[in-house]
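So the sequences go chain by chain: A and B.
Per our numbering, the first sequence starts with residue 294, numbered consecutively.
Per our numbering, the second sequence starts with residue 7, numbered consecutively.
Derived by calculation from the structure, the hints in this document are not laboratory data.
Among the clues, some could well be false.
To be verified - Derived lysine-lysine pairs resembling DSSO-like cross-links, with alpha carbons at most 30 Å apart:
#1 K176(B) x K480(A)
#2 K176(B) x K340(A)
#3 K184(B) x K360(A)
Given the structure is predicted, the values throughout are model-derived calculations rather than measurements.
Next come the chains, spelled out residue by residue.
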Amino acid sequence: MACDLWRENLDAFVDGELPAQMQQEFDAHLRGCSSCAASIAARTKLKIAVRNAAVRRYLPSTEFRRKMETQVLGRKRERRVAWIWVPSLAAMVAILFGLVWLVRPARNSGTATFSEILDLHVTALASANPVDVVSTDQHTVKPWFEGKLPFAVNLPDLTNTPFTLLGGRLAYLNQAAGAELLFQFRKHRLSVFVFQDQAQWKNLGATEKPEQRASFWFATFSVNGLRYFVIADTSAENAEQLSNLMKRAAGAE
Amino acid sequence: MVIPSEEMEGSREAFAELALPLFDSLYNFACWLAQDRVEAEDLVQETFAKALAGFVSFERGTNFRAWIFRILRNTFLNSRSGLEATRTVRLDEEAGAQAELTQMTEETPESILLQESNQQAVRAAVENLPILFREVLLLADLEEMSYREISEALAIPLGTVMSRLARARKLLREILQKERARA
Numbered sequence: 294m295a296c297d298l299w300r301e302n303l304d305a306f307v308d309g310e311l312p313a314q315m316q317q318e319f320d321a322h323l324r325g326c327s328s329c330a331a332s333i334a335a336r337t338k339l340k341i342a343v344r345n346a347a348v349r350r351y352l353p354s355t356e357f358r359r360k361m362e363t364q365v366l367g368r369k370r371e372r373r374v375a376w377i378w379v380p381s382l383a384a385m386v387a388i389l390f391g392l393v394w395l396v397r398p399a400r401n402s403g404t405a406t407f408s409e410i411l412d413l414h415v416t417a418l419a420s421a422n423p424v425d426v427v428s429t430d431q432h433t434v435k436p437w438f439e440g441k442l443p444f445a446v447n448l449p450d451l452t453n454t455p456f457t458l459l460g461g462r463l464a465y466l467n468q469a470a471g472a473e474l475l476f477q478f479r480k481h482r483l484s485v486f487v488f489q490d491q492a493q494w495k496n497l498g499a500t501e502k503p504e505q506r507a508s509f510w511f512a513t514f515s516v517n518g519l520r521y522f523v524i525a526d527t528s529a530e531n532a533e534q535l536s537n538l539m540k541r542a543a544g545a546e
Numbered sequence: 007m008v009i010p011s012e013e014m015e016g017s018r019e020a021f022a023e024l025a026l027p028l029f030d031s032l033y034n035f036a037c038w039l040a041q042d043r044v045e046a047e048d049l050v051q052e053t054f055a056k057a058l059a060g061f062v063s064f065e066r067g068t069n070f071r072a073w074i075f076r077i078l079r080n081t082f083l084n085s086r087s088g089l090e091a092t093r094t095v096r097l098d099e100e101a102g103a104q105a106e107l108t109q110m111t112e113e114t115p116e117s118i119l120l121q122e123s124n125q126q127a128v129r130a131a132v133e134n135l136p137i138l139f140r141e142v143l144l145l146a147d148l149e150e151m152s153y154r155e156i157s158e159a160l161a162i163p164l165g166t167v168m169s170r171l172a173r174a175r176k177l178l179r180e181i182l183q184k185e186r187a188r189a
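Build the full structure now, drawing on both the sequences and the hints.
Right, dumping it as structure tokens:
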């Protein structure tokens, strides 16, 4: 009888659409019902298979991307500006140039660093073995990095959080070794990278709120000489929550 | 000669900030709908033009992603290939959405595992889904939209999102199982 009730909600469960209370009850039911558990597993796998088959299946050409950026940003309108505006525009350009000059190093280094972090994250996810040390136990993962890195990696206590630790691996950025920690939230995997802080990152500061770039949520901060990068494809809230957990583990609070 | 007002320029910047990060997703989705890159480019271009023009009426604080996907999807449905693609599905769908929900094809995890390993087969199966099922499946599984977002993007009630999604997945499983039996 109980299965009849849940069978109508298999898709909603897999899509994370059930109310929290019902989700918990379904979880409890799954622990004792191999038939529903098998159906959920099959549906989850198919959902992931669809995503993997469809994601980035078609990428726009560089030419089309530029064309659309021009259309959206309206760059061509500059040619149509009335002459009367030229002196004030010149002054504005000079001011803007000054501002851009001040801001540019930080933005450029931030964008480049983000791209590299994104590459590392995606490479790990695409790998058949995304982590070198497979464990949900922080007391197994932390010692694994000992002797491999010139710093200790403090892992957060994930009790009563929606995250699960999947493991860790070594990562390299700007010829320096660091740690990549892989976490799971529902069916999503999030990465936290830890490196010794580098001079070129001093302009990065700390993101107050996670920023969205290339559909990923990205946060960075520095604690006790270590630079942390958090990357998630779920939500800003997740990225922020994981950042706060890492900060607490690093002794920032 | 038209000199854009400050307000229009601010609006354009705000639009760019919201729309450009979605460019890749919109293009990918347009290709999945139209199954033709040239047509997809036209769709995205028209979508951006319409969205930019209508951005003043966009209610700030509401879901921009669902809004712009809805424009893209409506643009596609009004195109010639969109009209052709939907003509064959609507009648069939309305014929008994609820009846089929109660008798879902069950699958074994093992069979799905086999299918999952063959990304090409899954891709082909999704491509073969009728358009109304393909779009709801991709919004749920690829874009990971909530049912409410999908309801906004497709302009259909929540109940229809759920029944259409269930039917899309059922059909996908059937296509994959047939494909596997043939192999």
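Taking the hints in turn, this is what the structure says about them:
1. K176(B) x K480(A): holds (21 Å)
2. K176(B) x K340(A): holds (12 Å)
3. K184(B) x K360(A): Violated. K184(B) to K360(A) sits at ~43 Å, over the 30 Å cutoff.
Checked against the numbered hints above, the structure breaks only hint 3 and satisfies the rest.
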